[in-house]
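Take the two lone chains and join them into the complex the hints point to.
In the order they appear, the protein sequences are chains A and B. If you count the first sequence from 1, position 39 lands on 39 in my numbering, and the numbers rise without skipping. Positions in the second sequence are counted from 1; adding 321 to them yields my numbering.
Hint data in this document are derived by calculation from the structure and do not stem from the laboratory. Treat each hint with caution, since some may be false.
[Stated by the list, open to error] Think about it this way: if two alpha-carbon atoms lie no more than 25 angstroms apart in a straight line, the pair counts; the simulated SDA-like pairs of lysine to any residue are: (1) B:Lys-346 / A:Thr-159; (2) A:Lys-23 / A:Asn-93; (3) A:Lys-30 / A:Glu-47; (4) A:Lys-30 / A:Lys-121; (5) A:Lys-121 / A:Phe-90; (6) B:Lys-346 / B:Ala-377; (7) B:Lys-346 / A:Asn-207; (8) B:Lys-346 / A:Ser-154; (9) B:Lys-346 / A:Asp-303; (10) B:Lys-325 / B:Ala-377; (11) B:Lys-346 / A:Gly-208; (12) B:Lys-346 / A:Thr-205; (13) A:Lys-121 / A:Thr-59; (14) B:Lys-346 / A:Val-211; (15) B:Lys-346 / A:Leu-195; (16) B:Lys-346 / A:Leu-160; (17) B:Lys-346 / A:Ala-197; (18) A:Lys-23 / A:Asn-108; (19) B:Lys-325 / A:Ala-274; (20) B:Lys-346 / A:Gln-209; (21) B:Lys-346 / A:Asp-157; (22) B:Lys-346 / A:Pro-204; (23) A:Lys-121 / A:Tyr-110; (24) B:Lys-346 / B:Ala-381; (25) B:Lys-325 / B:Asp-374; (26) B:Lys-346 / A:Ala-153; (27) A:Lys-30 / A:Ser-163; (28) B:Lys-396 / B:Leu-326; (29) B:Lys-346 / B:Ser-378; (30) A:Lys-121 / A:Thr-28.
[Said to hold, decoys possible] Listed next, the stretches of chain B that the computed footprint assigns to chain A, with coverage defined by at least 3 CB atoms under 8 angstroms from CB atoms of chain A: (31) 324-334; (32) 338-346; (33) 354-366; (34) 372-379; (35) 382-394.
None of the values given here were measured: they were computed from a predicted structure. Even for Gly, the Cβ is constructed at its ideal location relative to N, Cα and C.
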Amino acid sequence: MALYGSANIGFFLVDGRSVLAAKLQGLTEKQASAQARTDGLGDTWEEHTPTGMRVATLTQDGAFFDAGTLLTHELFRASQGTSRVVCVAFQGNTRGKRFVGYDGVYANAYAVQAALGGLTKADVTYTITGARDEGQIVQPLAVQTVDWNTESASEVDYTLDPSQLVIPITSNTVANPTVVTTPVPHGLTSADIILIAGVATSSPTINGQRVATVISATTFSVPVDVTVAGTGGTFVKANSTGGGVGFQQITAFSGFTGFVGTLRDSTDDVTYAALIAFSNVTSGPGAERSTVAGVVDRYLAFDGNVTGSGSLTICVGFARR
Amino acid sequence: MTTKLVVVSGSYRYPVGASLAAVLKAGGLSQMSTDARAALVLREVGPGDDCSDMPASSAAVYLGRGDIARVPLPKEQD
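With the rest of the complex left out, here is chain B (with noise of 0.2 angstroms):
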């Protein structure tokens, strides 16, 4: 890998790994109920933090807006 994603401005907030995989097998949040939601691990982003691993379809829509910015990787995390 030889860039990554970095946020611009405002904070975001997304499930990661396994997490991520059942909330888009639900079909979304909304579509899972309050307990296993609780159960999710939720990754929180702010400004200058790396959010590589945001969902793609958020990612999309984020860096068409400038919200997040893909930067290139320091040479020795190539």
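The shape of chain A in the complex, shown without the other chains (with noise of 0.2 angstroms):
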């Protein structure tokens, strides 16, 4: 398991505007469904019930708030209650790691920390409710100055992301198409694709990226005609099929007459297609969430198309559901 550490806290955005603080002591997340008291009279125990409504909070704990720099808590302040778009990035910001992004009613509470003979520090509380998604970073935050891409060499592969499961595979038979068994139900459905590693003896090979058709729970088949059975292995998921949510955060714009993102994704990683367009950007900061149903394939990439010259400062990323 990988570990990150304070130095990794990549961005804290809030529409386009970074809310993280000077020496920040504590970075907490935290989410929770609501409940309501649904207990009465001749009840001898509390009861609570689900309403339905989730709830995020994000606490900076024992920070620097510089006035002079980060005149955003001011004007957040100053419109409590109205839906944004928040991205906090643990892992660092890096291509391929993970974030936080959420969409819905923000509100953010200080509790300042004078004390005699030292800095006068405060906590801030950020509590979100509304939509609350968890996916990997396609553009780190950086400045951009002309059109670019990052289909070469920089995409996010999904069979790399630490969050996916790796399922074992216990043998694979002599058969057209072979059939594949694993000792835990796999969590497959038919069509699904899938990428293979591992597999010892298999002639000839399944390993690679290979169509999954569900047989049961512990077996499915992938059209390969195996003369030799297989045997071990191990397989992850090369596509998702609940769509997901992109998010984009621009936190500087200037010069520029207009800006358009697209993620695109791919399952060969030589053919993109089109997955979110993000609308047309002509001033900043600013942020976006955008959902897409459907399948979502191996490689994620991000476009940017530029009109006119200036620069942009963004980073975006895609939660897969």
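As structure tokens, then:
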């Protein structure tokens, strides 16, 4: 398991504005289901029933908030209750690393800590009631001055996502198509694309990217005419079928008369399809959250197309469902 | 040829001709440098466009999903 320290906090953005404080002592993210008391007269125990509402809380502890550079806190305080797009990167500002994105009603509250002989610090709590998604950074926060594309050498490969379940394989049969057996439920549905690795003795090999056809909870077939059975190995999913959510945060924007960003996906790293086209941006800072349904393929990349000359600072992430 | 591939939904971008050969040789776009990718000839197609030159591995997947379709060529194009 990879461990991430306090130096790894990549960004904390609200509607394109960085609210990450200086010399932070702690950054906490908590999500909970709201519950209502449902007990009444005659009951001997309290009853609590989920309301279906979820709430997320982000807390910056013991930090220095420079009123000169973090005026955003004052800005947000003036419009509490507005729906905002929030992105936090706990594993660093790095392509492929995890981030958490929110879209919902946002409020923040300060607890100022003034101590004799010390500098004044504050704890700030941000409460977001709305959607929460966890995904991967596709475009790290960076300055861009011309059109760019992350397909070459910097795409995000779903099979390398550390949140993926690695399913072991017991064996695969002599058959066409070969039948793969797993010691645990594989969790696949027919037409899922998987990446198989480490299968020994199978001839021809079934290692590589394959389309699965489900037979039972622990067996599926892949379209390979196998003449010598195989053993061992593992697989991970190489696509997802529940759609997803794209987040685009632009923290600075100047000069350009327009900017359109497009998230693209690919099954084979050769042909890329448009997955999410964000709205044309003409000013910043700002943020957008956009959803997509259906299949999301293995490779994700971002296409940035600017109009005119200037510069912008942008990060983009995508959360599969 | 009596059929062609046509985009049903979505938009797609893929290398064609010598560029496709270069991408396949490299093992995918992710294996190429930014400069090498910039030199590629890429074709972008949308709904209704002929995509018969789409790489076979990609076309097989999108055909299976119904995102592209194989349709008969008009008589004079046979």
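Here's how the hints hold up against the structure:
1. Proposed proximity of B:Lys-346 and A:Thr-159 is supported: the alpha carbons are some 22 angstroms apart, at most 25 angstroms.
2. For the given pair, A:Lys-23 sits about 18 angstroms from A:Asn-93 by alpha-carbon distance, which is consistent with the 25 angstroms threshold.
3. For the hint linking A:Lys-30 to A:Glu-47, the alpha-carbon distance of about 23 angstroms falls within 25 angstroms, and the restraint holds.
4. Restraint check for A:Lys-30 and A:Lys-121: satisfied, since their Cα atoms lie roughly 22 angstroms apart, inside the 25 angstroms limit.
5. A C-alpha spacing of about 22 angstroms is found between A:Lys-121 and A:Phe-90, which places the hinted pair at or below 25 angstroms, so the restraint holds.
6. For the suggested pair B:Lys-346 and B:Ala-377, the alpha carbons sit about 15 angstroms apart, so the restraint of at most 25 angstroms is met.
7. For the hint linking B:Lys-346 to A:Asn-207, the alpha-carbon distance of about 20 angstroms falls within 25 angstroms, and the restraint holds.
8. About 18 angstroms separates the Cα atoms of B:Lys-346 and A:Ser-154, which keeps this hinted pair within 25 angstroms; it holds.
9. A hinted pair counts as satisfied when its Cα atoms are at most 25 angstroms apart, and B:Lys-346 with A:Asp-303 qualifies at roughly 23 angstroms.
10. Taken as a hint, the B:Lys-325 and B:Ala-377 pair is honoured in the structure, with Cα atoms around 13 angstroms apart against an allowance of 25 angstroms.
11. Using a Cα cut-off of 25 angstroms, the hinted pair B:Lys-346 and A:Gly-208 holds, with the two alpha carbons roughly 17 angstroms apart.
12. The hinted pair formed by B:Lys-346 and A:Thr-205 meets the criterion: a straight-line CA distance of about 21 angstroms does not exceed 25 angstroms.
13. Between A:Lys-121 and A:Thr-59 the alpha-carbon distance is near 13 angstroms, which keeps this suggested pair within the 25 angstroms criterion.
14. With a C-alpha separation of about 23 angstroms, the suggested pair B:Lys-346 and A:Val-211 falls inside the 25 angstroms cut-off, and the hint holds.
15. Between B:Lys-346 and A:Leu-195 the alpha-carbon distance is near 20 angstroms, which keeps this suggested pair within the 25 angstroms criterion.
16. The hinted pair formed by B:Lys-346 and A:Leu-160 meets the criterion: a straight-line CA distance of about 22 angstroms does not exceed 25 angstroms.
17. At roughly 22 angstroms between alpha-carbon atoms, B:Lys-346 and A:Ala-197 fall within 25 angstroms of each other, so this suggested pair holds.
18. As the CA atoms of A:Lys-23 and A:Asn-108 are separated by approximately 19 angstroms, the hinted pair is consistent with the 25 angstroms bound.
19. Restraint check: the Cα-Cα separation between B:Lys-325 and A:Ala-274 comes to about 22 angstroms, which is no more than 25 angstroms; the hinted pair holds.
20. A C-alpha spacing of about 18 angstroms is found between B:Lys-346 and A:Gln-209, which places the hinted pair at or below 25 angstroms, so the restraint holds.
21. A threshold of 25 angstroms between alpha carbons decides the hint, and for B:Lys-346 with A:Asp-157 the separation of about 19 angstroms falls inside it, so the pair holds.
22. Between B:Lys-346 and A:Pro-204 the CA atoms are separated by roughly 22 angstroms; this keeps the pair inside 25 angstroms, and the hint holds.
23. With a C-alpha separation of about 10 angstroms, the suggested pair A:Lys-121 and A:Tyr-110 falls inside the 25 angstroms cut-off, and the hint holds.
24. At roughly 19 angstroms between alpha-carbon atoms, B:Lys-346 and B:Ala-381 fall within 25 angstroms of each other, so this suggested pair holds.
25. The suggested pairing of B:Lys-325 with B:Asp-374 holds, with an alpha-carbon distance near 9 angstroms, which does not exceed 25 angstroms.
26. Of the pairs offered as hints, the one joining B:Lys-346 and A:Ala-153 holds, with about 15 angstroms between alpha carbons and a cut-off of 25 angstroms not exceeded.
27. In summary, the hint linking A:Lys-30 to A:Ser-163 is supported, as the alpha carbons are separated by about 19 angstroms, within the 25 angstroms threshold.
28. Restraint check for B:Lys-396 and B:Leu-326: the C-alpha separation of about 16 angstroms stays at or below 25 angstroms, so the hint holds.
29. Of the supplied pair hints, the one linking B:Lys-346 and B:Ser-378 holds, its CA atoms being roughly 14 angstroms apart against a limit of 25 angstroms.
30. Straight-line distance between C-alpha atoms of A:Lys-121 and A:Thr-28 comes to about 17 angstroms, which keeps the hinted pair within the 25 angstroms bound.
31. By the rule of at least three residues with a Cβ nearer than 8 angstroms to a Cβ of chain A, the coverage given for the stretch 324-334 of chain B holds, with 4 such residues.
32. Remark: the stretch 338-346 of chain B is confirmed as covered by chain A, as 3 of its residues place a Cβ nearer than 8 angstroms to a Cβ of that chain, reaching the required three.
33. Proximity of the stretch 354-366 of chain B to chain A, defined as three or more residues with a beta carbon under 8 angstroms from a beta carbon of that chain, is established by the 4 residues found.
34. Against chain A, the stretch 372-379 of chain B contributes 4 residues with a C-beta closer than 8 angstroms to a partner C-beta. That satisfies the three-residue criterion, and the hint holds.
35. For the stretch 382-394 of chain B, the stated coverage by chain A holds: 5 residues have a C-beta nearer than 8 angstroms to a C-beta of that chain, and at least 3 were required.
The structure fails none of the hints (numbered hints given earlier).
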